[in-house]
Amino acid sequence: DAGITQSPRHKVTETGTPVTLRCHQTENHRYMYWYRQDPGHGLRLIHYSYGVKDTDKGEVSDGYSVSRSKTEDFLLTLESATSSQTSVYFCAISGVGSSYEQYFGPGTRLTVT
Amino acid sequence: GIQVEQSPPDLILQEGANSTLRCNFSDSVNNLQWFHQNPWGQLINLFYIPSGTKQNGRLSATTVATERYSLLYISSSQTTDSGVYFCAVQNRDDKIIFGKGTRLHILP
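Chains as they are written, first to last, in my numbering: chain A, 2 to 114; chain B, 558 to 665.
What the hints contain is simulated information worked out from the structure, not anything from laboratory work.
Do not take every clue at face value.
Derived lysine-lysine pairs resembling DSSO-like cross-links, with alpha carbons at most 27 Å apart [stated by the list, open to error]:
1. A:54 with B:657
2. A:58 with A:12
3. A:54 with A:71
4. A:12 with A:71
5. B:611 with B:652
6. B:611 with B:657
7. A:58 with B:657
8. B:652 with A:71
9. A:58 with B:611
10. A:12 with B:657
11. A:71 with A:58
Fair warning: this is a prediction, and the values are worked out from it, not measured in the lab.
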C-alpha cells in the first residue's frame, strides 16, 4: 500500500458544473500525476506536479486545471464538466530518493450527464 | 513524441500455460515499468525495470534498452493473472507514456 487515496471514488455530475477531484498521499513523494483511462486509449496523462506549486501539462490537459499547495495533496479541477470528460481518473505518485517508480491510487469514476 | 506499442493486444490462455508480453518503444527512455490492472480496476506495480532482468515468483521481466523493447514473462498462469498488462516508459522530458495494454484472459 503506497498510501494514496482519491476522493470521491464515484461522482455523477451535470454538464457545465465544476468538479474537483482530490488525491492525497502520505508517503512524501515528490511527483504526483493525474491520468484518465478510457476504453481504447489506455492511460493518458492530464497534468503532473514535480513539487509544491510546480505543475506541467500532459497530453490531454485541455479542460483541466490542477493545484498543489501542499506536498500531500494534488487537486484536479474540471472548470465546466463536459460529457467527453466522463472517464476513470487515476492519481499516481513517484519520486522517493532517486527512484521514479510510480504507484497508483484506486481511481475515481466520473460520469458527466 | 515517443510511441509505446504492446503486443499482443489480446491473449486467451488455459490455466497453467506460459506467456510472453512485449513492449516496444520508439526512442531512448529513462525508466520502464510494468503494471497489472486487475478486473476490479486496480493498477498494481509489477516491475520497475529500465534495463536488465528481474524476477518475482512466476513473473519475470527483461528490458533491452539498446534495442528498445521489454518483455514480461508469466509462467504457469493462474486465473488471478487475468486482467490488462500495461507497459509505461519515462522519456527524457520526464513525461510518462503508457502503451494501450495487453488484455490477458486465463481460462480455468
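The hints, checked one at a time:
1. A hinted pair counts as satisfied when its Cα atoms are at most 27 Å apart, and residue 54 of chain A with residue 657 of chain B does not qualify at roughly 31 Å.
2. With a C-alpha separation of about 24 Å, the suggested pair residue 58 of chain A and residue 12 of chain A falls inside the 27 Å cut-off, and the hint holds.
3. With a CA separation close to 8 Å, the supplied pair residue 54 of chain A and residue 71 of chain A stays within the 27 Å bound.
4. For a cut-off of 27 Å, the pair hint linking residue 12 of chain A to residue 71 of chain A stands: about 24 Å separates their Cα positions.
5. Between residue 611 of chain B and residue 652 of chain B the alpha-carbon distance is near 24 Å, which keeps this suggested pair within the 27 Å criterion.
6. Taking the CA atoms of residue 611 of chain B and residue 657 of chain B, the gap is near 23 Å; set against the 27 Å cutoff, the hint holds.
7. For the hint pairing residue 58 of chain A with residue 657 of chain B, the CA-to-CA distance comes to about 20 Å; that is within 27 Å, so the pair holds.
8. Between residue 652 of chain B and residue 71 of chain A the CA atoms are separated by roughly 22 Å; this keeps the pair inside 27 Å, and the hint holds.
9. A threshold of 27 Å between alpha carbons decides the hint, and for residue 58 of chain A with residue 611 of chain B the separation of about 32 Å lies outside it, so the pair is violated.
10. Taking the CA atoms of residue 12 of chain A and residue 657 of chain B, the gap is about 25 Å. The hint holds against a cut of 27 Å.
11. For the hint pairing residue 71 of chain A with residue 58 of chain A, the CA-to-CA distance comes to about 19 Å; that is within 27 Å, so the pair holds.
When the structure is compared with the earlier hints, violations turn up for hints 1, 9 and for no others.
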